[in-house]
Amino acid sequence: MSHERNRWLAAFAVTVYAFLFAPIVILIIFSFNDARRVFVWRGFTTEWYGRLFANDDLLDAVLVTFQVAAVAVVVSTVIGAALGLGLARLRGRGRAPAEMLLLLPIVTPEIVMGLSLLLFFLQLFDSTGSFGQLSIAHVTFCISYVAITVRARAAGMDPQLEEAARDLGDTALGALRHVTLPLIMPAVVAGALLAFALSFDDYVVTVFNSGIGTTTLPLYIYSAIKFGVSPEINAISTIIVAVVSLALLIAWRLGAFRGAARTPVAEPEAA
Amino acid sequence: MTSTAIDSPGAAGLRERAGDRLRNALLVLPGIGWLLLFFVVPLAFIVVISLGRRDELHRIVLDPLTLENYAQVFNPIFLPTIVQSLYLATATTVVSLAIGFPIAYWISRYGGHRKTLLLVLVMLPFWTSWLIRTYSWMIVLRDNGVVNQALQAVGLTQEPLILLYTDFSVILGMVYGFLPFTILPLFVSIDRLDPNLIAAARDLYADGRQAFLHVTLPLVRPGLIAAALLTFIPAMGDFVTPDILGGGQVTTIAKVIQERFLDGRDWPYGSALGFVLTILTLLGTLVALRTLRREVVGE
Amino acid sequence: MTGDSRTPGRETPFDLALGKRLTEAQWTRREFMARVAAFGLTAALTQLLVACGQAGASPSAAPATATPAPAGTIAAVATPTAAPTPIPDPEPELNVYNWLDYIGDGVIESFEEKYPVKVNYELFDDIYAAYEKLGDDGNGYDVSFPIGVDVPSFREAGTLLKLDQSLIPNLANLGPEWSNPGYDPGNQYSVPYVWWTTGIGYDTTRLEEVPTSSNVLWDPRYRNHISLMDDYQETMGLTLIQKGFSANTTDPAELDQAIARLTEGKPIVRTWTNDTISAMTGGDIWVGMIWGSDLYQISLENENIAYFIPQEGGVRGSDTMAIYSGAEHPIAAHLFINHMLDAQVSAANTNFIGYMGPNLAAQEFIDEAILNDPAVNPDKAILDKLEELLDLPNDVDKLYLDRWQAYRAG
Numbered sequence: 001m002s003h004e005r006n007r008w009l010a011a012f013a014v015t016v017y018a019f020l021f022a023p024i025v026i027l028i029i030f031s032f033n034d035a036r037r038v039f040v041w042r043g044f045t046t047e048w049y050g051r052l053f054a055n056d057d058l059l060d061a062v063l064v065t066f067q068v069a070a071v072a073v074v075v076s077t078v079i080g081a082a083l084g085l086g087l088a089r090l091r092g093r094g095r096a097p098a099e100m101l102l103l104l105p106i107v108t109p110e111i112v113m114g115l116s117l118l119l120f121f122l123q124l125f126d127s128t129g130s131f132g133q134l135s136i137a138h139v140t141f142c143i144s145y146v147a148i149t150v151r152a153r154a155a156g157m158d159p160q161l162e163e164a165a166r167d168l169g170d171t172a173l174g175a176l177r178h179v180t181l182p183l184i185m186p187a188v189v190a191g192a193l194l195a196f197a198l199s200f201d202d203y204v205v206t207v208f209n210s211g212i213g214t215t216t217l218p219l220y221i222y223s224a225i226k227f228g229v230s231p232e233i234n235a236i237s238t239i240i241v242a243v244v245s246l247a248l249l250i251a252w253r254l255g256a257f258r259g260a261a262r263t264p265v266a267e268p269e270a271a
Numbered sequence: 001m002t003s004t005a006i007d008s009p010g011a012a013g014l015r016e017r018a019g020d021r022l023r024n025a026l027l028v029l030p031g032i033g034w035l036l037l038f039f040v041v042p043l044a045f046i047v048v049i050s051l052g053r054r055d056e057l058h059r060i061v062l063d064p065l066t067l068e069n070y071a072q073v074f075n076p077i078f079l080p081t082i083v084q085s086l087y088l089a090t091a092t093t094v095v096s097l098a099i100g101f102p103i104a105y106w107i108s109r110y111g112g113h114r115k116t117l118l119l120v121l122v123m124l125p126f127w128t129s130w131l132i133r134t135y136s137w138m139i140v141l142r143d144n145g146v147v148n149q150a151l152q153a154v155g156l157t158q159e160p161l162i163l164l165y166t167d168f169s170v171i172l173g174m175v176y177g178f179l180p181f182t183i184l185p186l187f188v189s190i191d192r193l194d195p196n197l198i199a200a201a202r203d204l205y206a207d208g209r210q211a212f213l214h215v216t217l218p219l220v221r222p223g224l225i226a227a228a229l230l231t232f233i234p235a236m237g238d239f240v241t242p243d244i245l246g247g248g249q250v251t252t253i254a255k256v257i258q259e260r261f262l263d264g265r266d267w268p269y270g271s272a273l274g275f276v277l278t279i280l281t282l283l284g285t286l287v288a289l290r291t292l293r294r295e296v297v298g299e
Numbered sequence: 001m002t003g004d005s006r007t008p009g010r011e012t013p014f015d016l017a018l019g020k021r022l023t024e025a026q027w028t029r030r031e032f033m034a035r036v037a038a039f040g041l042t043a044a045l046t047q048l049l050v051a052c053g054q055a056g057a058s059p060s061a062a063p064a065t066a067t068p069a070p071a072g073t074i075a076a077v078a079t080p081t082a083a084p085t086p087i088p089d090p091e092p093e094l095n096v097y098n099w100l101d102y103i104g105d106g107v108i109e110s111f112e113e114k115y116p117v118k119v120n121y122e123l124f125d126d127i128y129a130a131y132e133k134l135g136d137d138g139n140g141y142d143v144s145f146p147i148g149v150d151v152p153s154f155r156e157a158g159t160l161l162k163l164d165q166s167l168i169p170n171l172a173n174l175g176p177e178w179s180n181p182g183y184d185p186g187n188q189y190s191v192p193y194v195w196w197t198t199g200i201g202y203d204t205t206r207l208e209e210v211p212t213s214s215n216v217l218w219d220p221r222y223r224n225h226i227s228l229m230d231d232y233q234e235t236m237g238l239t240l241i242q243k244g245f246s247a248n249t250t251d252p253a254e255l256d257q258a259i260a261r262l263t264e265g266k267p268i269v270r271t272w273t274n275d276t277i278s279a280m281t282g283g284d285i286w287v288g289m290i291w292g293s294d295l296y297q298i299s300l301e302n303e304n305i306a307y308f309i310p311q312e313g314g315v316r317g318s319d320t321m322a323i324y325s326g327a328e329h330p331i332a333a334h335l336f337i338n339h340m341l342d343a344q345v346s347a348a349n350t351n352f353i354g355y356m357g358p359n360l361a362a363q364e365f366i367d368e369a370i371l372n373d374p375a376v377n378p379d380k381a382i383l384d385k386l387e388e389l390l391d392l393p394n395d396v397d398k399l400y401l402d403r404w405q406a407y408r409a410g
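Residue numbers (my numbering), protein chains in the order written: chain H, 1 to 271; chain V, 1 to 299; chain D, 1 to 410.
Think of the hints as simulated: they come from the structure by calculation, not from any bench. Note that beta-carbon positions come from the ideal geometry of N, C-alpha and C, so glycine has one too. Do not take every clue at face value.
What the hints assert, rightly or not - Reference listing, derived: stretches of chain D covered by chain V, where coverage requires no fewer than 3 residues with Cβ under 8 Å from a Cβ of chain V:
1. 123 to 131
2. 278 to 288
To be verified - Here are the in silico distance ranges between beta carbons for each label pair:
3. D:Lys118 <-> V:Phe74: 46 to 56 Å
4. D:Glu209 <-> H:Val243: 49 to 59 Å
5. V:Ala200 <-> H:Phe44: 51 to 61 Å
6. V:Glu159 <-> H:Leu254: 34 to 44 Å
Generate coordinates for the entire structure from the input sequences, incorporating the hints supplied.
Right, dumping it as structure tokens:
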């Protein structure tokens, strides 16, 4: 591998990361802005952090958002990964309709999905919003993303590896567990990350399926548009980023990321 | 069950063993079941509504059922809107792929044991609120924003460049928002490439570009397709970014539908529009997928 | 109403749901009415006693008005508020759905101090999405803030609870102008909350002369620095008025003219947004359509921003407070509305959000700056010329939206 290419690519990568983090830097800076509106820099203050901790509504919203996201990620990753994997292996007539079904949530406009779920819960369960309903809604739009990501990886995987395991006497399920799963794990993780991003920031589906007491962060923030987004929101975002970064740093130091994303041709682990 | 020779990954000739079918069915069942129950059934409600109309009190009247909403769906005023949506989504996808692919490649090739960390770092900005990130872009791009002030300070420009509320700011915002959806599936696909294969290809073909075109690209095709899919389609549905960063200069079809539902308080019409858009997008996607996949063995 | 048919086999799922909800609501209302009747009787008796005896000293467990009864308060007859009449016990909770920051600092706290009620205060950013959320009967929310002109249709649809005005004695604080609004005569189903005007805000340092006409939004000198509202009724309304028509016209020919005018100006418009505050604060927009009280908010941080109502005329509107028919906490809801009508509370609301209230009694507590600001509190002469945007009939709505969406897309 030529070093030239290496350097250009690395430079490019740095630029992209800078692009990704530019707004984050701005938002952090403006969380210390001494002005009610987030737009113009006036001076330094930590006032917003103080007010943030007195702002129960905002803190509750953050909590609810994480709770829903946690449920959504766990459930949709499990179901979605299974779906993606199964679809990659599936043969027969069920396959085409299943693929269409998989695509449906992605091609449907969010407002249609949000309102349809509202109707569904209203008619069948007489509910107009609740934590459960919201979680179900989030899982529903996340599944397809996870499934497609996992399916792409599983489809490209060399089935000979599984074959080999079967030849060696493993069961269908066992081969899955010992060979396939480790190999598709990066895709599963990727899917989970996507699901989290989707759930955390979701607005349209959430606005119609959240109930009293289940206001999420996006809902709270959007309601602030009319009067200008308060720097308290910058403050909470900064804190979240800081906490997550810290967690990542610790996890990294503890070696959590070693060898998790493998290059292919891993040997099937002996049962 | 006869066994057939196995010659390439994903070959259709792989024999199906006992238990495979059951296992696959079991894997797929929860997902299919969930989607049927929580997606298709609610969608059916929407279809029912689209066959109704609203009365003067904005209530939905389903008796009698009518197709008049569908008759009005193909209103010519929607055509420029759809074209604009397609343009934005396509531009976003192309740029995202152009940026996403090298990054995914770099992480996979040079990330080493830091790969996952680097991937998670890509996602880190998305632990903040989308609206805040968008407002931050406004701070950067506006007339007296960071970019313009920097350019003027350095002397490159006298007057502020019009960057905000333009096509440029919209695509930038959309690419920014969808980059993870491009990078992750791409990475997943690139990462599984066998470096030996690449090395072998390099020996076979005279230069890196050929090796890339004939070996790497076909192998990462599933990832490319997934990335394109997961970027293009949601981009078609993103109306908030064009609204906020684009100042509404471009009207998207999703916005039109939203407006009919909410401002117009016309659920039946909005439902008909939404349903038709869904079906059209679905068909378009299936056609595109079939065309793209035809060359991939065994898919 | 065909949608309401109750013949078996023709009942729609919505009828079923609505019917169920109304039934529940009615039961609650019946219970509520019973309670009120019981206490009403007691209240009447007590007042008799008080009138005969001595004027009420010790506030009972739930004093009905704001703390120090200010001297100049229009107490009208004031009996219900001054005397310690026992009011029905409010429910322990109340669910309120409102715009963010659309209430004065400390108003909820003062309500919670007065009454043993916990207020769950939830927020929305889009009134139409909020209407969907609130549904046919509030869907769990007790109090919300529908726009005045939408009240008639909600009332007819049975979405709003008919108010028991005996629990809202502060209604007396409203001036004569607001005691009998056209959209809800007698304030039977809603109570006015704030009112506003839509006009044009501009940066005095950027514009070459002081504008007086809405034509300034078509002025090529300000190319790329103009903003219109992302609201078809408001923007088309402004244009219709400019052309001398009504903002609520049903004449397609007039609408065509308005759209033609808008299309003329389209190339120089920078953005269509309701968040004019951000756009102007950011500096990209020098002149744009804006709600008067939004402008008041900007002007607090930037004195170069001014406001005017076009000489051709403009639009005004009002937000109301209403109790929804499915409310599970109707008594608390009434008390809350009454609290909001208190002179000082209303003034606190105005002082914080910068929107004028309909509360005559509150005026002496409102900041001078607001009272004298023509953006927030224009002269009556100007106000009378303004139109309210009405809830358009379906087919007319389509006329507007078809043209609007074509204009935006073209």
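Going through the hints against the structure:
Interface restraint, the segment 123 to 131 of chain D with chain V: holds (4 residues with C-beta to C-beta distance below 8 Å; minimum three). Residues of the segment 278 to 288 of chain D with a Cβ under 8 Å from some Cβ of chain V number 5, which satisfies the need for three, so the listed coverage holds. Distance hint check: the CB atoms of Lys118 (chain D) and Phe74 (chain V) are about 52 Å apart, consistent with the given range 46 to 56 Å. A C-beta distance of roughly 53 Å is found between Glu209 (chain D) and Val243 (chain H), which places it inside the suggested range of 49 to 59 Å.
For Ala200 (chain V) and Phe44 (chain H), the hinted distance range of 51 to 61 Å is satisfied, since their beta carbons lie about 59 Å from each other. The beta-carbon spacing between Glu159 (chain V) and Leu254 (chain H), approximately 53 Å, falls outside the hinted interval of 34 to 44 Å.
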